[in-house]
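Respectively, the protein sequence lines represent chains A and B.
Residue numbers for the first sequence follow my numbering, so the first one is 333 and each next one is one higher.
Residue numbers for the second sequence follow my numbering, so the first one is 333 and each next one is one higher.
Simulated from the structure, these hints should not be mistaken for lab results.
One or more of the hints may lead you astray.
Since the list can't tell identical chains apart, any single copy or any two copies may satisfy a pair.
What the hints assert, rightly or not - Quick list of in silico lysine-lysine cross-link-like pairs, BS3-like style, CA-CA up to 30 angstroms:
| hint | residue 1 | residue 2 |
| --- | --- | --- |
| 1 | K379 | K345 |
| 2 | K362 | K562 |
| 3 | K691 | K562 |
| 4 | K503 | K420 |
| 5 | K362 | K590 |
| 6 | K503 | K345 |
| 7 | K362 | K379 |
There are 2 protein chains.
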Amino acid sequence: MSATKQLAEAFKKSRYQIPGHGPRNIQVLKHALAELDGSLESDIYGKGAIIEEFEKKIAAVLGKESAVFFPSGTMAQQIALRIWCDQKSLSKVAYHPLSHLEIHEEDGLKKLHRIESVLLADKTRVIRLEDVQNMDTEVACLLLELPQREIGGQLPEFDELVAISAYCREKGIKLQLDGARLFEILPYYQKTAAEVCSLFDSVYVSFYKGIGGLAGSILAGDEAFTQESKIWKRRHGGDLISLYPYILSADYYFEKRKDRFPAYYEQAKELASLYNSCHGIKTVPAEPVSNMFHVHFPLPKEQAEPVILSACEETGIGFAASILVVDEANSYIEVSVGDNYAGIPAEALQQAFRVLDQKLQEVLR
Amino acid sequence: MSATKQLAEAFKKSRYQIPGHGPRNIQVLKHALAELDGSLESDIYGKGAIIEEFEKKIAAVLGKESAVFFPSGTMAQQIALRIWCDQKSLSKVAYHPLSHLEIHEEDGLKKLHRIESVLLADKTRVIRLEDVQNMDTEVACLLLELPQREIGGQLPEFDELVAISAYCREKGIKLQLDGARLFEILPYYQKTAAEVCSLFDSVYVSFYKGIGGLAGSILAGDEAFTQESKIWKRRHGGDLISLYPYILSADYYFEKRKDRFPAYYEQAKELASLYNSCHGIKTVPAEPVSNMFHVHFPLPKEQAEPVILSACEETGIGFAASILVVDEANSYIEVSVGDNYAGIPAEALQQAFRVLDQKLQEVLR
Numbered sequence: 333m334s335a336t337k338q339l340a341e342a343f344k345k346s347r348y349q350i351p352g353h354g355p356r357n358i359q360v361l362k363h364a365l366a367e368l369d370g371s372l373e374s375d376i377y378g379k380g381a382i383i384e385e386f387e388k389k390i391a392a393v394l395g396k397e398s399a400v401f402f403p404s405g406t407m408a409q410q411i412a413l414r415i416w417c418d419q420k421s422l423s424k425v426a427y428h429p430l431s432h433l434e435i436h437e438e439d440g441l442k443k444l445h446r447i448e449s450v451l452l453a454d455k456t457r458v459i460r461l462e463d464v465q466n467m468d469t470e471v472a473c474l475l476l477e478l479p480q481r482e483i484g485g486q487l488p489e490f491d492e493l494v495a496i497s498a499y500c501r502e503k504g505i506k507l508q509l510d511g512a513r514l515f516e517i518l519p520y521y522q523k524t525a526a527e528v529c530s531l532f533d534s535v536y537v538s539f540y541k542g543i544g545g546l547a548g549s550i551l552a553g554d555e556a557f558t559q560e561s562k563i564w565k566r567r568h569g570g571d572l573i574s575l576y577p578y579i580l581s582a583d584y585y586f587e588k589r590k591d592r593f594p595a596y597y598e599q600a601k602e603l604a605s606l607y608n609s610c611h612g613i614k615t616v617p618a619e620p621v622s623n624m625f626h627v628h629f630p631l632p633k634e635q636a637e638p639v640i641l642s643a644c645e646e647t648g649i650g651f652a653a654s655i656l657v658v659d660e661a662n663s664y665i666e667v668s669v670g671d672n673y674a675g676i677p678a679e680a681l682q683q684a685f686r687v688l689d690q691k692l693q694e695v696l697r
Numbered sequence: 333m334s335a336t337k338q339l340a341e342a343f344k345k346s347r348y349q350i351p352g353h354g355p356r357n358i359q360v361l362k363h364a365l366a367e368l369d370g371s372l373e374s375d376i377y378g379k380g381a382i383i384e385e386f387e388k389k390i391a392a393v394l395g396k397e398s399a400v401f402f403p404s405g406t407m408a409q410q411i412a413l414r415i416w417c418d419q420k421s422l423s424k425v426a427y428h429p430l431s432h433l434e435i436h437e438e439d440g441l442k443k444l445h446r447i448e449s450v451l452l453a454d455k456t457r458v459i460r461l462e463d464v465q466n467m468d469t470e471v472a473c474l475l476l477e478l479p480q481r482e483i484g485g486q487l488p489e490f491d492e493l494v495a496i497s498a499y500c501r502e503k504g505i506k507l508q509l510d511g512a513r514l515f516e517i518l519p520y521y522q523k524t525a526a527e528v529c530s531l532f533d534s535v536y537v538s539f540y541k542g543i544g545g546l547a548g549s550i551l552a553g554d555e556a557f558t559q560e561s562k563i564w565k566r567r568h569g570g571d572l573i574s575l576y577p578y579i580l581s582a583d584y585y586f587e588k589r590k591d592r593f594p595a596y597y598e599q600a601k602e603l604a605s606l607y608n609s610c611h612g613i614k615t616v617p618a619e620p621v622s623n624m625f626h627v628h629f630p631l632p633k634e635q636a637e638p639v640i641l642s643a644c645e646e647t648g649i650g651f652a653a654s655i656l657v658v659d660e661a662n663s664y665i666e667v668s669v670g671d672n673y674a675g676i677p678a679e680a681l682q683q684a685f686r687v688l689d690q691k692l693q694e695v696l697r
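In isolation and in its complexed conformation, chain A is listed as follows (with noise of 0.2 angstroms):
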C-alpha cells in the first residue's frame, strides 16, 4: 500500500480525528432522516413545501429577497456569473487566480458559459481594493470567496470589503460571494451573515461545509435573478425531480450547527497554535479567521506522510487524512474543525502534538 493510502487509512481507524464533523457516510443521511415522517411528499422540480420553505428560511438568514437550491456550487455560481454578464453584455468575470471556478471545474464557466476570467491579486493572498481599483479590463462581475480557501482561509478585514462592495456599485460591477464557508467566518468578522451578505448582489452559500450536510447549496439575490437562476438550473440539469435528500439533510444540519461555530473558530486558534509549536510548522494564516488553516512543513509530501502516519498510529489522534504538495520541498495539509475536536480528550492532544514535534525534530535536525 502506498504512504499516501496508509496514512488515508489510518485517519480512518484512528481513536480520535482531529478535523471535520466525522466519517461521510450513509449514517449522516440516515440521522437527518430519521425523525421525519415517510409521508412527507417530495419536492417536485424545484416546487412544494420541502424545498420552498427552506429557500425562503436561508434567504432570510442571508437578508435576500429570494432563494433557490442547487444540487452544487459549481453550478450556482457559473448560474450566478452568466446572468450578471447577460445582464451587462459583456462575458467576463473577475476573481482569484485560486477561485474555484479557475481550478476545479474543468473550466466548465468558460465551455460552457464563454465566460472569460481576469485574475486578481497573486495566489498567496487575498483580493484588495487596489487590485479591484486597478484592473484595466470592463468585467460584468468581480466574484469574491469567503475567505479564500486555497490560502489557508484568509480573509480581507470587513471594512476593505465594505470599501470593495462600494467602488463595485459606483462602477456598475456585480458582486457575487462565493461562501460555501460563510457561516464559518461570521465570528472573526462579528457579523451577522445578512450583514455579510448585503455586501453583495448574489451569494452563494454551501450545506456541505462547516454545515456538514450531504451536498447542495443555496443561490441568493433579488426576485428577478433568482427567477432567471431557475431557468438555468434547469438548462443545466440540475432541476432534478427531487432534491430533498440534499435538502432535508442541509436543513437539519443546518440547526444542528448553526450555532457552533464561534466555537469552532476558538478551536481552530489553539489548534493552529498547538501546530504552530511544532518544529518546522507553520500554518497560514499564522492566526486563522474561521473553523479552518492550512498547516505547512518544510518537508516534501513523502517526507511529511510518515511522520504524521507514524503519529497518528502512535497516538491514536488523526491528524489529516492526506498530505498536499506545495513544491518540491514542502507539503501541508487543510484543517476544517468541525464537531470531532471537542470530543478529544485534552491530553491525549497534548500527547499527540509532543509526539509529532519530536518526531519532526528528528526528521529536521
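Given the structure of chain A, go ahead and fit chain B onto it with the hints provided.
This is chain B only, laid out in the frame that chain A set:
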C-alpha cells in the same frame, strides 16, 4: 380550489390509484436505505464503491464498456450530444420535435452548448428510416427516444431500428438512445437491454420512471466516451461530492422492479382496452407497446376534469392526477402502469370504468 387542484387532491386521497408506484414521498428513500449499514461510505466526487459498482453493473446490463451515473438525464444527454458534436467538429444533431431536449430543457443544448437541432418526423409519429435518409443537413448525431413519450410512448418496429442504426453507421452519424423508458419497452421488442443498446453508440437510461427511484440516470458507451462525459459532468456542476441517495435508491428499485416490466406491459394493454371501451375515449397508441399510453378525451380540459374528478370521488379509484391540453376541444391523460395497478381489486376497477363510461355518455350526449 380550482378543478385542477381538486383533481390532484382527489387522486392523492383515492383508495386505489391506477397509474404509478405510489406516492412520491420520503418513504421511498427511507425504504431504500432501511437495510443498509450506516457505516457504508459515501461516494466522493464520482469515486468509491457505491458509485463505481453501480456504474459497472448497469454498463453490463446495457452491454456497454463503461457507464457514468448522472444526477439527471437532461445533463447526461446534453453532454452525450456535445461529445459527439465535438468529435465531428459539427454542432448539429437530429431528434424528434417533441424530444425532451426540445421542449423541456429551456433550450439548454442551444444556450449552453450552442448545438443546433434538426427536427425529424412530425409531432404525431415516430422517426422513420426515410426521415433519416431524407435529412438534407449533415448532423453529428441522431437521438432516438424509445418509446416516444409525448405521443403516448410509440415505438418503431425493431427491424426499422436496426435499419436506422445501420444507415447511421454507414454515414458516420452517431446514434444516441434516449432510453428514459428503456426497460419499459423490452417486453414488446422481446429483446434484452443489451440487444437494443447494441444498435446505439451511447445510451441514457433513467431510474425514476418505471424503476421508481428518486432521480438520476446512467450514460453508457465506450471508455473514451464515458471518461469525457465525466469532465463535462464536472463542468455542468453535476459531479457532486455525494450522489449516493440517488444511486442507492436507483439500485434498490432496479432490483425490486427489473423483472416486473412484462407484467406492467400486459396490464397496460388490459387497462387501455378498459379505457377504449368508454364512450369517446381513444388511447394512443390504440394498443400500448410499453407500460405507458395516453388517453384522449374529445373534451376540453375544463370539461374532462369534472368527469374524472366525480368518477374518482364516487368510486374511490384515482384515474389520473392531472389532465393535459391537446387543443381547445381535446384533452388527454398520461398513464404509466406501475406497482399500483396490481393492487386494485378487479371488481372495483370494472365498476370504476362503468361509472366513468356513464359520466362520459352524459357529457357527450
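Taking the hints in turn, this is what the structure says about them:
1. K379 / K345: Between. Shortest inter-copy distance 20 angstroms satisfies the 30 angstroms Cα cut-off; intra-copy 42 angstroms does not.
2. K362 / K562: both (29 angstroms within a copy, 28 angstroms between copies)
3. K691 / K562: Answer is neither; intra-copy 53 angstroms and inter-copy 41 angstroms both fail.
4. K503 / K420: within (12 angstroms within a copy, 43 angstroms between copies)
5. K362 / K590: both (20 angstroms within a copy, 26 angstroms between copies)
6. K503 / K345: neither (54 angstroms within a copy, 57 angstroms between copies)
7. K362 / K379: both (24 angstroms within a copy, 21 angstroms between copies)
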